[in-house]
Amino acid sequence: MNPADIRLLLRRDARADRVVPPTGFTAHLTLFVSGAMAFLAVFALALSLASGRMAERWGSELAGAATLRINAPAEQRAAQTQAALTILQQTPGVASARALTAQEQSALLAPWFGPDLPLDTLPVPQLIEIVEGDPGLDAAGLRLRLGAEVPGAVLDDHTRWREPLVDGARSLRRLGWISILLIGGATAAMITLAANASLAANAQIIEVLRQIGARDRFIAGAFVRRFTYRALLGAAVGTIAGMAGVLLLPEASDAGGFLTGLGFQGAGWLLPLVIPVLGALVAFLATATAARRKLEGLS
Amino acid sequence: MIELENVSYSYGGGELLSDVSVQLQPGSFHFLTGPSGAGKTTLLKLCYGALLPTSGRLSAFGEDIARLDRDQMAMLRRRIGVVHQDCRFLDHLTLAENVALPLMVSGRAADAEQDNLTELLHWVGLGARLEAHPPELSGGERQRAALARSVILSPDVVLADEPTGNVDWEMSQRLLGLLVELNRMGKTVLIATHDLSLIRAAKSQVQARVLRISQRKLQLAGADL
Numbered sequence: 028m029n030p031a032d033i034r035l036l037l038r039r040d041a042r043a044d045r046v047v048p049p050t051g052f053t054a055h056l057t058l059f060v061s062g063a064m065a066f067l068a069v070f071a072l073a074l075s076l077a078s079g080r081m082a083e084r085w086g087s088e089l090a091g092a093a094t095l096r097i098n099a100p101a102e103q104r105a106a107q108t109q110a111a112l113t114i115l116q117q118t119p120g121v122a123s124a125r126a127l128t129a130q131e132q133s134a135l136l137a138p139w140f141g142p143d144l145p146l147d148t149l150p151v152p153q154l155i156e157i158v159e160g161d162p163g164l165d166a167a168g169l170r171l172r173l174g175a176e177v178p179g180a181v182l183d184d185h186t187r188w189r190e191p192l193v194d195g196a197r198s199l200r201r202l203g204w205i206s207i208l209l210i211g212g213a214t215a216a217m218i219t220l221a222a223n224a225s226l227a228a229n230a231q232i233i234e235v236l237r238q239i240g241a242r243d244r245f246i247a248g249a250f251v252r253r254f255t256y257r258a259l260l261g262a263a264v265g266t267i268a269g270m271a272g273v274l275l276l277p278e279a280s281d282a283g284g285f286l287t288g289l290g291f292q293g294a295g296w297l298l299p300l301v302i303p304v305l306g307a308l309v310a311f312l313a314t315a316t317a318a319r320r321k322l323e324g325l326s
Numbered sequence: 069m070i071e072l073e074n075v076s077y078s079y080g081g082g083e084l085l086s087d088v089s090v091q092l093q094p095g096s097f098h099f100l101t102g103p104s105g106a107g108k109t110t111l112l113k114l115c116y117g118a119l120l121p122t123s124g125r126l127s128a129f130g131e132d133i134a135r136l137d138r139d140q141m142a143m144l145r146r147r148i149g150v151v152h153q154d155c156r157f158l159d160h161l162t163l164a165e166n167v168a169l170p171l172m173v174s175g176r177a178a179d180a181e182q183d184n185l186t187e188l189l190h191w192v193g194l195g196a197r198l199e200a201h202p203p204e205l206s207g208g209e210r211q212r213a214a215l216a217r218s219v220i221l222s223p224d225v226v227l228a229d230e231p232t233g234n235v236d237w238e239m240s241q242r243l244l245g246l247l248v249e250l251n252r253m254g255k256t257v258l259i260a261t262h263d264l265s266l267i268r269a270a271k272s273q274v275q276a277r278v279l280r281i282s283q284r285k286l287q288l289a290g291a292d293l
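Chains as they are written, first to last, in our numbering: chain V, 28 to 326; chain H, 69 to 293.
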């Protein structure tokens, strides 16, 4: 289909459009389906974008940090901690390293043991917080050196629990995009059904038009225009409703976790505006295909 | 103008027309007669490309119909006006819009052709019914409107399928008069009818060739008509 054909199919022609009488059933079905699907597409898009942001944040926040744990008897703990700090200061890729204070370690354990934990009476390992520089540190090399000089040191570069989280967020984003594709497919299927119903209901009109010399594109245009503009209208209403729904979701906060961050940010608010255009495009293609098949089936 | 050479047409395993040969010369007037179910409508449909021959060659205006693409077939149909017994109007449009429909599908502005449209509707005696809808029209009015629609693009050929089937004798004479007038304007006319009295009545007005379909074959009818 060339651009001229597309222009011809979409160009408004009030009199030509009057040739095919509007039928309530297909009109309502197209409006409802495109509206409902656009509404769902807005949420799928919001989910996908939020998951993408989350994967990026988790990836970058956790990738730049590591923790060193000193599991040593109480009388050696201070010496091994000092030795570890000295090694870290000499290690390329370490921007800073500091031992957590007793209060900070106590605060970390408070959610499990309560606020009055007598930390000095328990064999709790000493934690050292490492902030990586750019480029980051060589974790394998550091482990080897620590193994030789600080026997009680265990390096945790967060990889083993960062990766599943990031993978999870990426899977969620993928699900969001798959949902959008499924929504597009379901919209195309429903509009094809509605277009076929309309073409069948108007079979006699099509026969008259062909007999008086109408070209296929004239006949198809009467159907394509109607379904495309209906889908555009329905999808626009559905998109506005969906965006309003997203707007009413709670603001992103640390306490609320992922669910409160489900929404659009900045220029992301412009992305849902593409949905009505895509809805109209899907309707255009679905109706044009249905009309072409129907007309080609006639002699 | 329209020429059938050894044309046969089969449908559902049965042959409806067999080895039909006929020429519709420019400006000629033909009646096509035969019993109901003989294949008159089938032959008319073959002439305007609604059906394609199973075998044989059918040419219109020098073009082999079987070789035309869909757009060319649409162009061909604009040169052949067709009047059906059931008229086939779009009931949601007014009479004027129905008659102007061929102008619209051919891309000509009906506004610019308004004078021709009005004149044409006056010619068929429907000048006062422009805004009426098809269900409001009598059988005779519908047939005359269908005739007007068939000629609004000034086609070279007019095919009429039982145009007088649903009207009284007086109205059938009026319709015949219009078709004879079209023939005098140079149009080729082919009327399919089982009404022999219509053919007899036409003899005094026009030199017509009478074709009869019998047992799937086309014959030139004798003087018994």
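Some hints could be false.
According to the in silico footprint, chain V covers these stretches of chain H (three or more CB under 8 angstroms from chain V) [claimed, not checked]:
| hint | segment |
| --- | --- |
| 1 | 151-162 |
| 2 | 165-176 |
| 3 | 276-284 |
None of these hints come from the bench; they were simulated from the model. All values reported here derive from a predicted model rather than from experimental measurement. Even for Gly, the Cβ is constructed at its ideal location relative to N, Cα and C.
- Item | List of violated hint numbers, smallest to largest | As far as the earlier hints go, only 3 is violated by this structure.
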